[in-house]
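Given the structure of chain A, go ahead and fit chain B onto it with the hints provided.
Same order as they appear, the protein sequences are chains A and B.
Residue 169 in the working numbering sits at position 142 of the first sequence, with consecutive numbering throughout.
Residue 58 in the working numbering sits at position 31 of the second sequence, with consecutive numbering throughout.
Careful, some of the hints might be misleading.
Claimed, not checked - One side only, chain A facing chain B, incomplete, derived with CB under 10 angstroms: (1) A68; (2) R73; (3) A77; (4) L79; (5) F142; (6) S220; (7) G306; (8) T327; (9) G380; (10) A383; (11) A406; (12) H407; (13) G411.
Calculated from the structure, these hints are not laboratory results.
Predicted, not measured: the structure shown is a model, and the values here were computed from it.
Beta carbons are placed, not taken as given, at the ideal position from N, Cα and C, and that holds for glycine.
One-letter residues, chain by chain:
Number of protein chains: 2
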Amino acid sequence: MRIECIAIGTELLTTRRLDTNSVWLGERLAALGLGFHRKTAVGDSREDLAALFREAMGRSDIILTTGGLGPTFDDFTKELFAELLGADLVEDARSRADMLDFYAARNRTPPQVNFKQALIPVGAEPLRNLVGTAPGVWWQDPPGHPGVRIVMMPGVPREMKRMWEEHVEPRLAVLAGEAVHTLRMVVAGVPESNLDERTRAVREQHGHLDWTILASLTQVELLARGSDPADLVAARAAFEPVLGPDLVSVGDSNLEDAVLAELQTRGQTLAVAESMTGGLLASRLTAIPGASCAFLGGATVYTLAAKVALLGLDPAWLQEVGTVSEACASGLAEAARQRLGATWGVGICGNAGPGAEGEAPVGAVFIAIAGPAGTTLKAHRLAGDRAEIQLRTTALALDLLRRAIVHPAPSR
Amino acid sequence: MRIECIAIGTELLTTRRLDTNSVWLGERLAALGLGFHRKTAVGDSREDLAALFREAMGRSDIILTTGGLGPTFDDFTKELFAELLGADLVEDARSRADMLDFYAARNRTPPQVNFKQALIPVGAEPLRNLVGTAPGVWWQDPPGHPGVRIVMMPGVPREMKRMWEEHVEPRLAVLAGEAVHTLRMVVAGVPESNLDERTRAVREQHGHLDWTILASLTQVELLARGSDPADLVAARAAFEPVLGPDLVSVGDSNLEDAVLAELQTRGQTLAVAESMTGGLLASRLTAIPGASCAFLGGATVYTLAAKVALLGLDPAWLQEVGTVSEACASGLAEAARQRLGATWGVGICGNAGPGAEGEAPVGAVFIAIAGPAGTTLKAHRLAGDRAEIQLRTTALALDLLRRAIVHPAPSR
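Okay, chain A solo, but in the shape it has when bound (with noise of 0.2 angstroms):
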């Protein structure tokens, strides 16, 4: 089963803004063991947007569209594709009654442009919107296309996931009947060429599947996919032992999921104390809901008299030290431990530039864990700008801990 996401509207194009729906509906797929083969974002020009829906509609099975059902002259989604299959778009009279009650609701009534709204081409299903003003469109077996469905949604994302929600996922679940099963590795702690090499011959083995390596600033990700999740049971088992302790978790949890996961099965807990993160290793925690069972804060102690004022330290003795250091980054995580009672701290310090500082190179990195049997250091020396240093940085100190937490160290 072919899907493509066509998303439609110029500001797609020029700006900063992103297309988060097409992101969205991709997680979404995926999760019925579905994927899209190619996603479009393309301007509200009628000849752009005519060649790819004829396209679209030559080599896709599924067509998901977003935007261009508003009300204004640059919306024509519904009224391009009526026009390419030769069919008339009528009122849809529960549309119509939907609007005026979205408005009436709003104690306004709508402008005439609004109207053009509730059509529906002959042939074609309208899709409810009860959160805004534009109805979608389910078009199966279009003229000319038997096989195909087209499915026109809103660029509004709330309205569009409500839409997608109650509307479309249930009937692509349907159709997707046999799924497709993924398995999902993610490996820290090692460069992609790396894992490349090393799980070449055991991809090879399982060469049914089809397998793809994703690299990010934060971890690798092995991916498969194949239709009978016995294979994926044992492509799992053959690669738990090549990966040993760099695989951090197989499914849909990342870095910093099963870092906080590891901890809450022992009743464990964290604090953090950030230097050159400056709040980023904190931040990536706390987005996971729940975080809290596990992350009982941190102090970001950008400055000097920071790391005195929240974390007692002795300014001389970091002075003396130095604020990128070693002992500097022990000394972190040790009293962001001690302060906050926490099993495990991690203390960061560094320069993410863009100049030296002091002493400090650009991209220098001392990241410590303190824990009940002592406290682990590493030191890196990292290149990239300063958000990818910083970034990776709380990576290699998520990974840091987690090995820290799974393989604890005889005490000393």
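Only chain B this time, still in chain A's reference frame:
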């Protein structure tokens, strides 16, 4: 000149990965007065890519690709274009030397798989990559497609951006001829529709400029484009009185840059205490180089115990007023200000969801700004998912702080 962008990588279709490269490229093109007519994201499937490359060579003058230049088996952008165009790949000596240097600087030797990255199609030109191992390709007038330019860049944003700036943009600027000038005004605390209505008359008076309004979760941008810089100066002068204190900045800077700049010009400092936003406000500020001039640090006090341990708040009092309350936000702001000896303290508490927290519904947010003239408070009730609520809250806090700095209330 029709330009299209093709982002290559299965991760762009199925996961949480946003294609930010094409957004960045769209902005850079706009600065040259150019724009995409289409953007496509497509997986690492040979068949899909081959079809798309063929279509693109038939309809576009310039094809920008990102991704698929890496060393692994699922990277084959160059190979596929070469195959479709009937060109051989040959090793480029300088690209090979650059790669060896890149690894040598890191005390490593390249894995064998990496050497394929130095292969370039005959007739095309390599684009140097000094921050990664994959050179890009500039292919002008490829066989059978006179007038077409294929530009292949790496998918890693840092490598792509550097290559664009050094090698691609200068060539496209020559093609673009006359430059377009842009006026960018950032506004906060005002919904997009309000801004649309409020500025309509002025925009119409300056109707020879191209106007766009862009709303994100954190700010609204007003963009004007025109060929004569004097027109933009006049438009700016006309807008300033209309926008008044809602105008955050003019030019490249965003809300957080503007806040840091306002603090710095006054020699003032800032400390934050974040409960619900869990470090996100601190991390948005410390993402900016030189933030430490004004930002001292903060406490991520995700639990009651952390509010006590890091900020010295009274646990009995916290339990009495509740940790999602106006009083708690004020207490956080005042404690942060006092502990760190800052001019300003920001306190944030609330419930970002997904579940209700005690009596606090999802989206309940309290923000306090403690300053030299006392404490200002704002309560909000936000819609959206956890990430949206956290992000919008940091923007509301920054804007409230900005107004307090720029228009200080009479002391009380």
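Checked hints:
no., hint, in the structure
1, A68, "holds (4 angstroms)"
2, R73, "violated (12 angstroms)"
3, A77, "violated (12 angstroms)"
4, L79, "holds (7 angstroms)"
5, F142, "violated (21 angstroms)"
6, S220, "holds (5 angstroms)"
7, G306, "holds (3 angstroms)"
8, T327, "holds (4 angstroms)"
9, G380, "holds (7 angstroms)"
10, A383, "violated (12 angstroms)"
11, A406, "violated (15 angstroms)"
12, H407, "violated (12 angstroms)"
13, G411, "holds (6 angstroms)"
Figure legend: structure checked against the earlier numbered hints; hints not met, in rising order: 2, 3, 5, 10, 11, 12.
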